[in-house]
Amino acid sequence: MSPNRREFLAIAGASVFAGYAGFAGAKPRHNGAQKISPVSIIKAKSYTDDLVSRILEGVKQCGLDVRGQRVLLKPNLVEFDPKTCINTDVSVVAAALEAFRSLGAAEVKIGEGPGHRRDTYSIAEMTRYRSEVPKFDALFTDLNRDDVSPIQGFADRGEIYLPNTALRADLIVSLAKMKTHHWAGATLSMKNFFGLVPGSIYGWPKNELHQVGIDLSIVELNRIFRRTFAIVDGIVGMEGNGPIQGTPKQVGVLVMGSDLPAVDATCCRIMGIDPLRVEYLQMAADRALGVTEEAHIEQRGETIRSVRTPFELIDNFKQLRLA
Amino acid sequence: MPRRLKFPPYPAEYRYVKDPTAALRLRQTQNADGGWGYFPGKQSWLEPTFYAAVALQGEPAADRAWTLLKSWQNADGGWRPSAEVQVPTWGTSLCVTLAQSRGEFGEPFQKGVAWLLGSAGIEGPLWRRLIFRTRLLGNPDRNLDLKGWPWKPDTASWVEPTAHAIVALKQASVKASSSRLHERVSIGEAQLLDVRCKDGGWNYGSHAALQVDLVAFPETTGLALIGLQGHPDLGKSLDLAARMARETTSPLARAWLTIALRLHEAQVPLSPVEIASSPETMLAALSIVAEEKTQFFRTGAVT
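In order, the protein sequences belong to chains A and B.
All the letters of the first sequence, read from the start, carry residue numbers 2 to 324 under our numbering.
All the letters of the second sequence, read from the start, carry residue numbers 157 to 459 under our numbering.
Some hints here could point you the wrong way.
Example chain A residues on the side facing chain B (calculated, C-beta under 8 Å, incomplete) [to be verified]:
1. Tyr-48
2. Val-149
3. Gln-153
4. Ile-202
5. Pro-206
6. Asn-208
It is worth saying that the hints were derived from the structure and are not from the lab.
For every residue, glycine included, the Cβ atom is placed at its ideal position computed from N, Cα and C.
Input sequences plus hints: build the corresponding full structure.
Right under this line is the structure:
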């Protein structure tokens with residue numbers, strides 16, 4: 002687990018006190034990937050808008066073809082608190098289901114492995130997934146308790162077990178929520194893949210990922226799952242002490258693309274966060290999993306400037322504020 | 157392949173889930189290897205197999221389940237969570253508890269107890285523990301010197317695996333008593349009490365994150381109370397558990413809360429909350445356990 006800013010300062014202070022003066026500062030960054038990735042920003046003022054049309058518009062702008070593919074929609078479903086907005090709104094999930102079906106996908110299913118609460122179906126009930134997504138139970142797989150297969154190579158752990166439903170999908174659509182995160186800075190489409198890790202082995206929460214390091218785990222999961230698309234629910238996001246205890250923030254956008262680091266970098270810029278200072282985004286760029294620099298992202302639909310809505314950041318992440 | 161079954165809705169007002177078809181469904185959905193999947197027709201896993209074996213204890217189906225579970229014990233005494241997964245996990249506690257209930261105190265039990273005694277949460281990397289110990293950042297959210305049990309080795313302590321380990325070791329103290337066991341249970345209980353939320357219940361691992369209070373979850377509140385049987389000063393926690401049992405929409409939470417309240421000899425409230433049906437094996441098993449087999453988890457205090 003990487004230290005946050007306060008912890009880093011404490012470590013640095015202790016090191017100086019002990020006579021160690023060798024800290025040379027953060028290593029210089031370079032972006033290994035040079036491709037141009039399209040990212041679509043689509044306005045949607047509320048969850049009662051025609052979200053199917055909005056998603057179809059974004060998918061088209063990104064040039065995604067899902068005909069004949071087995072698509073797994075992966076929402077962000079964690080725990081429920083009626084006072085805030087922790088989870089991907091059910092309207093976005095239902096609209097994505099309809100949109101990908103209309104685009105000719107051979108199969109569209111929904112899967113999630115919530116990280117905090119044990120009772121997945123109860124969370125799906127409280128968040129209205131079970132009542133508002135037609136035939137939800139037949140479409141849904143609890144990824145915490147799915148059948149699994151080992152995948153070799155996950156950071157320094159040798160292997161990781163992952164759910165067969167996710168491993169067998171032709172395309173995983175990360176239906177993430179636009180939120181700040183008190184350990185990672187921001188949680189968007191890449192961090193959403195923590196929900197692909199089965200609780201039946203790694204627990205609730207999936208502490209193994211924290212022990213490996215949150216940033217590295219995000220990157221490793223995105224290295225393993227490469228056939229992906231992102232739709233970030235930024236209609237109402239969460240600012241402040243996210244991803245659970247923050248405050249709802251109206252932004253009014255859906256952000257989409259096949260390059261997840263590019264989508265998340267765009268979301269960060271909308272949120273007033275500098276993506277080049279978000280550790281896991283830079284690790285992803287360094288490993289050529291996608292692009293994060295503005296020059297390498299072709300913004301389609303709305304401009305970032307037209308929808309920019311700075312999010313409140315907790316003290317630990319004030320340094321991420323976009324200049 | 158087990159036959160697909162229809163799941164009846166739970167009654168609107170219920171004491172727990174008086175589901176008359178639960179036992180039948182369990183018998184009909186047992187896999188050929190003797191285990192149960194979390195859902196009918198899926199791979200066998202330790203946790204649903206454990207609960208189904210408890211629910212059907214005394215029947216041949218439970219014996220077949222135990223035979224399967226024994227085959228998943230590693231040489232080091234830890235239990236793997238399924239045939240496909242090689243790492244031992246928290247499910248070791250469940251198997252130690254099941255062995256005792258069957259009166260089997262041989263090598264699988266003894267090695268399982270030893271594995272649990274050697275297991276502890278690591279509570280973050282060394283640099284984090286050192287920082288907390290120096291109080292450079294103020295008071296930590298929890299006492300990192302108190303070791304509970306992790307979900308799997310080399311990870312931190314969490315409420316649920318700690319509660320299950322305490323139950324297993326408290327019960328084991330009858331046949332495998334040692335000062336080490338008593339000390340370990342005592343530290344585990346202290347760890348659970350240390351992470352109790354201000355509202356009297358338990359979140360999944362701490363009472364606060366970055367010094368912001370967390371609210372209790374009903375599932376972990378029920379489990380922590382099962383682990384803390386025999387401990388005094390739980391009145392506020394039991395009051396909250398009763399309220400949660402009345403209000404929760406989670407059948408899993410209601411089952412564990414019901415078991416906890418009964419073990420603490422507290423009133424289990426009727427609930428007006430309707431709970432949607434679910435295909436989960438564990439819920440079918442827990443509907444029987446919470447109604448008829450709460451004594452399976454009875455421990456009392458370790459003296």
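Here's how the hints hold up against the structure:
Interface hint status for A/Tyr-48: violated, as the beta-carbon distance to the closest one in chain B is roughly 22 Å, over 8 Å. Interface hint at A/Val-149: satisfied, since its Cβ lies 6 Å from the closest Cβ of chain B, which is below the 8 Å cut-off. Residue-level restraint check for A/Gln-153 is violated (minimum Cβ-Cβ distance to chain B is 12 Å; threshold 8 Å). Contact between A/Ile-202 and chain B, as hinted, is supported at the beta carbon level, the nearest pair being about 6 Å apart and thus within 8 Å.
Because the beta carbon of A/Pro-206 sits about 6 Å from the nearest beta carbon in chain B, less than 8 Å, this interface hint is met. Using the Cβ-Cβ criterion of 8 Å, the hint placing A/Asn-208 at the interface with chain B is satisfied: the shortest such distance is roughly 4 Å.
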